[in-house]
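S.K.: If you want the building blocks of each chain, they are given just below.
There are 2 protein chains.
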Amino acid sequence: MALDTSNLVELTIAICNIESVSGNEDALADQVQQTLQAQSHLTLVRDGNAVVASTNLGRQTRVIIAGHLDTVPVANNLPATLHHFEREQVMVGRGTVDMKAGIAVMLKLAVELKSPIFDITWVFYDNEEVASNLNGLGRLVRNHPELIQGDFAVLCEPTSALVEGGCNGTIRVEVTAKGKKAHSARPWMGDNAIHKLAPALNALSEVVTETVEVDGLEYRESINAVLASAGIATNVIPDLATLTVNYRFAPNKSGSEAEAVLRRLFDGYELVVTDLAEGARPGLNTEAAAAFIAATNSDVRPKYGWTDVARFSALGIPAVNYGPGDPSLAHADNENVPVGHLFDCEAGLRNWLSGS
Amino acid sequence: MALDTSNLVELTIAICNIESVSGNEDALADQVQQTLQAQSHLTLVRDGNAVVASTNLGRQTRVIIAGHLDTVPVANNLPATLHHFEREQVMVGRGTVDMKAGIAVMLKLAVELKSPIFDITWVFYDNEEVASNLNGLGRLVRNHPELIQGDFAVLCEPTSALVEGGCNGTIRVEVTAKGKKAHSARPWMGDNAIHKLAPALNALSEVVTETVEVDGLEYRESINAVLASAGIATNVIPDLATLTVNYRFAPNKSGSEAEAVLRRLFDGYELVVTDLAEGARPGLNTEAAAAFIAATNSDVRPKYGWTDVARFSALGIPAVNYGPGDPSLAHADNENVPVGHLFDCEAGLRNWLSGS
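Residue numbers (my numbering), protein chains in the order written: chain A, 22 to 377; chain B, 22 to 377.
Keep in mind that the hints were calculated from the coordinates and are not lab data.
Some hints here could point you the wrong way.
No distinction is drawn between identical chains; accordingly, a pair holds when it is met within one copy or between any pair of copies.
Calculated cross-link-like contacts (lysine to aspartate or glutamate; reagent style EDC-like; alpha-carbon spacing at most 16 Å) [as the list claims (entries may be wrong)]:
no.	residue 1	residue 2
1	LYS202	ASP212
2	LYS135	GLU308
3	LYS199	ASP288
4	LYS202	ASP354
5	LYS202	ASP365
6	LYS201	ASP354
7	LYS199	ASP212
8	LYS199	GLU291
9	LYS135	GLU167
10	LYS202	GLU280
11	LYS217	GLU291
12	LYS201	ASP212
13	LYS199	GLU367
14	LYS199	GLU31
15	LYS201	ASP47
16	LYS217	GLU31
17	LYS135	ASP288
18	LYS199	ASP172
19	LYS202	ASP260
Please work from the sequences and hints to get the whole structure.
M.R.: Now the structure itself:
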């Protein structure tokens, strides 16, 4: 069934209400495909639950506009509902921010912009909210490298309809202290691994994280323990204690430089890297980025969260985030988007892509 | 089937090989019952998987000799095996130390001592290695308070065949730090509960625990974190972090005094008491204890681990631990007992109970 793209608000609600938690994007991918394959100005490729729709107008410049179809698990917050306040309308529900409002804007423009000033590759992909190796955009790059090429990319992740350039990198490590087991009645026969985490927690409490300027934007770094785990039973002195630590590092650092920062911070502990994603420099010094910023008439901010702009960056394609919704509400149970953001993003992208 | 009690070593191996992990003591309790009910000098009561066998000779003094039938889970260490070294024999396997060698000594003497100088209440009970509310001795005190009465009690827990008097108390608390959840890309919007555990771990690392003299014995105290738990997901700043802390306190302190020590140590944290067992003063100043020590010709040491002597202590019955096996090997996968300990304990108890 094709989706009706005439009304952006109704389209967003319809898309939110096709539940598509990561791994379960089939129904939504089908409807996106059916909506776009009716359009003669688009060439479609389906790969798993990703849909790529391209214009082929022979333009000098090709831009990629991308968004993911999946959401984090529903938290009793579907179907999406529309609330009317005095000064604004707000849509509430899973995916409204991350990122089905962005998907709705993309889908409407993909249908309506039959003769844009650039060739456009619209990418709707799956499995962004789960492990990196499942990511649909990554899979498309592996399976169809020829499709993910262009001069500039826009990822419609939530930015409150502002332009957010680049993104922080992220590294996750397990910091482990080792000791020796003993019965808790005779702890002096063992060596308590939990107690040995004290210096690591002190280091975390005392660390001064930087705000780093990269290509004119300020990136705020952070180092946080996200998990702590130790102990076998209440009557055993534990021989193993582990902190999982996440470092969000500015895009002027490489992943290995970030790892070195953590190894210095946790000197004396065992340290294992369990996840690493490089950051992306904002790339705002490119001509394409400048034109995009002018057309959308936006302020530019740094992106703190890691997003798939880093995948474009790794391919040498300058990329920015630009989409409806407050990113700090992503994944929240009360996820909600002001309807104004939808129209702002629709207008911004339409102006840019139409050259008006 | 009655057990053959003629050979102490073979009896111990037979008892070890009737697997009786807590909750699964039926088969062993049945065999203990069948062994003892053939003895006309004993009156039996069975309560669940506890068996109580009493002489009723009208002696002026009644003593209780008790031991638990259950073990911690088997760790690929059954059937028990006997190893012959140049100078000694060692029995290896689950329960050899904690405390089937003690059970074997009890069972042999219960059968053989038909006219002891005291009346004896032999108590074989279940569920000592699990939660306090399941403890078979506690259940007997509730269901048959008239059975658990006496002038002195010996618990045949492992002591390397020495007399260990009294026991430390034990209190377990959950120490909780609270914060505020946030996405780990924007941790400054939250408040990391794990980082807030640093002062608690520092306090644990720096605490100086005491060795306290009680009734002439020295009790070594200890405070240890045994479990640590925090975190929801690797991309969420945790709002809750919990340390489980175990304090083993000398028997000159009450449970509420021990709790006060922990509340001072972890000032500023939420603290919930999840387990509390009072200690037991050694009670070595009693006449019965002095006679026992003389008869067994033993050195006397403090008991660090909490044992059910505290239950006797709470009933006003002086009690000591005395049994084969090194207590520091209890629960170990390589649990093992020198055969010499078995004969030492058998002789010690026999001398005392025969008045020889």
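S.K.: Taking the hints in turn, state whether each one holds.
M.R.: Do the hints match the structure? See the list:
Taking identical chains as interchangeable, the C-alpha atoms of LYS202 and ASP212 lie at most 16 Å apart only when both belong to the same chain, with a minimum of 7 Å there against 33 Å between chains. With identical chains, the CA atoms of LYS135 and GLU308 are never at most 16 Å apart, being 24 Å at best within one copy and 104 Å at best between copies. Taking the shortest alpha-carbon separations for LYS199 and ASP288, only the intra-copy value of 14 Å comes in at or below 16 Å, while the best inter-copy value is 27 Å. In this homomeric assembly, LYS202 and ASP354 come within 16 Å of each other (Cα to Cα) only across copies, at 12 Å, whereas the closest approach inside a single copy is 41 Å.
Neither within a single protomer nor between protomers do LYS202 and ASP365 lie at most 16 Å apart by alpha-carbon distance, with minima of 60 Å and 30 Å respectively. Within a single copy, LYS201 and ASP354 get their C-alpha atoms only as close as 42 Å, which misses the 16 Å cut-off; across copies the closest is 15 Å, which meets it. Taking identical chains as interchangeable, the C-alpha atoms of LYS199 and ASP212 lie at most 16 Å apart only when both belong to the same chain, with a minimum of 8 Å there against 28 Å between chains. Taking the shortest alpha-carbon separations for LYS199 and GLU291, only the intra-copy value of 8 Å comes in at or below 16 Å, while the best inter-copy value is 27 Å.
In this assembly of identical chains, the alpha carbons of LYS135 and GLU167 never lie at most 16 Å apart, being 22 Å within a copy and 94 Å across copies at closest. Proximity of LYS202 to GLU280 under the C-alpha cut-off of 16 Å is found in neither arrangement, the shortest distances being 30 Å within a copy and 25 Å between copies. For the identical chains of this complex, LYS217 and GLU291 are intra-copy neighbours only, at 12 Å inside a copy versus 22 Å across copies, given an alpha-carbon limit of 16 Å. In this homomeric assembly, LYS201 and ASP212 come within 16 Å of each other (Cα to Cα) only inside a single copy, at 5 Å, whereas the closest approach across copies is 32 Å.
With identical chains, the CA atoms of LYS199 and GLU367 are never at most 16 Å apart, being 55 Å at best within one copy and 42 Å at best between copies. Taking the shortest Cα distances, LYS199 and GLU31 never come within 16 Å of each other, neither inside one copy (56 Å) nor across copies (41 Å). Neither within a single protomer nor between protomers do LYS201 and ASP47 lie at most 16 Å apart by alpha-carbon distance, with minima of 50 Å and 35 Å respectively. Taking the shortest alpha-carbon separations for LYS217 and GLU31, neither the intra-copy value of 56 Å nor the inter-copy value of 45 Å comes in at or below 16 Å.
For the homomeric pair LYS135 and ASP288, neither the shortest alpha-carbon distance inside one copy (58 Å) nor that between copies (67 Å) is at most 16 Å. For a Cα distance limit of 16 Å, the shortest separation of LYS199 from ASP172 qualifies neither inside one copy, at 50 Å, nor across copies, at 47 Å. When the C-alpha separation of LYS202 and ASP260 is checked against a cutoff of 16 Å, the pair qualifies only within one copy, where the shortest distance is 5 Å, while the shortest distance between copies is 29 Å.
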